[in-house]
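With the hints as constraints, model all of the structure from the sequences given.
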Amino acid sequence: MYMVIYIIWLIGIIYIIYKLIKKNHLLFNDVLKSIEEIKDKNIDYVYLPEELEELEKKLNHLKKEIEKSEKLAQENEKKKNDLIVYLAHDLKTPLTSLIGYLSLLNEASDLPKKQREKYLKIVLDKSYKLEELINELFDITRFNTENIILEKSPVNLNMMLEQIIDDFYPLLKENNKKIKLHGPSKIIVQIDSNKMARVFNNIIKNAINYSTGDLITIDVLKKDNKITIITTNQGKKIEKEQLEKMFEQFYRLDLSRNSKTGGSGLGLAISKEIVELHGGKIKATSDSKYTKIYVTIPI
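Each number in the working numbering comes from the position in the sequence shown (counting from 1) with 33 added on.
I should point out that these hints are in silico values taken from the structure, not numbers from a laboratory. Keep in mind the model is a prediction, meaning the values are calculated, not measured. A couple of the hints might just be wrong.
Simulated DEER-style distance windows between Cβ atoms [to be verified]:
| hint | residue 1 | residue 2 | range |
| --- | --- | --- | --- |
| 1 | Asp-252 | Leu-88 | 47 to 53 Å |
| 2 | Lys-213 | Gly-312 | 36 to 42 Å |
| 3 | Leu-105 | Ile-332 | 31 to 37 Å |
| 4 | Asp-252 | Leu-137 | 45 to 51 Å |
| 5 | Lys-91 | Thr-261 | 53 to 59 Å |
| 6 | Ser-136 | Thr-261 | 50 to 56 Å |
| 7 | Leu-157 | Asn-227 | 35 to 41 Å |
| 8 | Asn-139 | Ser-102 | 52 to 58 Å |
| 9 | Glu-150 | Asn-209 | 21 to 27 Å |
| 10 | Lys-213 | Asp-73 | 32 to 38 Å |
| 11 | Ser-186 | Glu-150 | 24 to 30 Å |
Quick reminder that beta carbons are idealized off the backbone N, C-alpha and C, glycines included.
Here it is, written out as structure tokens:
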């Protein structure tokens, strides 16, 4: 009698274990199926049994993040391809001018000295423009593959900024603008001077190109263990949506491609990456009078 009861009990236990294994196997299959569905763009939402509700939420969150990343990658690829087409087209303009003026100089040996000097200046200007466009093409092709490695050393920040401003003297003179630097005469920071110089070159160049006034100011403020460098220029208000995208790769405030402001849209994106690698932050604000870019780095 006891043996019969024991056998029945054992059969019951085995049946329960079998049901659990079968159920868990089904649940496992459901999970595998939902993982496959994450990659399926035709499926908006993946569903799991009630017991796996938390996992269902996490998988759907992951699905949304993957779709968002793919969309962003596609948009950036399109922007990059568009810019390469624009730049390739833009290369033709200075190149055609160069060939034209060099042909004149070569063929007309009796050109008056004043006219020859004028043509040589045009050729030089077009050469600089051509160099700039070629550098932009290199920036575009290099941006996604380049790993930025910092080589830090003690740097006098004020002196570095003064040198950068001096380099912009010809462009400032050409545009009837000037830059005023305010702040302590000596602040030593541990930075990669070449990389940070690139940051401020990009910021100052943008300030010159987009400023509607004749004065650009750079204020260096020290607070606790941080330094904030504020570059201010006059200009039309930049809308909030544009401000948020300013530091994205291949984004350009000016959608037209003109010789003054046309660029690859990489300058501020690269600047952001360099500043963040230094443990700092970069942001922009704008109102009806002024646009400001703030770079904050630890000392």
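Results for each hint:
Between Asp-252 and Leu-88 the beta carbons are some 52 Å apart, a value that agrees with the proposed interval 47 to 53 Å. Taking the beta carbon of each, Lys-213 and Gly-312 are about 28 Å apart, not inside 36 to 42 Å as hinted. Against the hinted window of 31 to 37 Å, the Cβ-Cβ separation of Leu-105 and Ile-332 comes to about 34 Å, which satisfies the hint. Distance hint check: the CB atoms of Asp-252 and Leu-137 are about 48 Å apart, consistent with the given range 45 to 51 Å.
About 39 Å separates the C-beta atoms of Lys-91 and Thr-261, a value inconsistent with the hinted range of 53 to 59 Å. Roughly 52 Å separates the CB atoms of Ser-136 and Thr-261, a value that falls within the hinted 50 to 56 Å. Checking the proposed 35 to 41 Å range against Leu-157 and Asn-227 shows it is violated: the Cβ atoms sit about 26 Å from each other. Taking 52 to 58 Å as the suggested C-beta distance range, the pair Asn-139 and Ser-102 conforms, at roughly 54 Å.
A beta carbon spacing of about 23 Å between Glu-150 and Asn-209 agrees with the range 21 to 27 Å that was offered as a hint. Evaluation of the 32 to 38 Å hint for Lys-213 and Asp-73 yields a failure: the beta carbon distance comes to about 58 Å. Roughly 43 Å separates the CB atoms of Ser-186 and Glu-150, a value that falls outside the hinted 24 to 30 Å.
Checked against the numbered hints above, the structure violates hints 2, 5, 7, 10 and 11; every other hint is satisfied.
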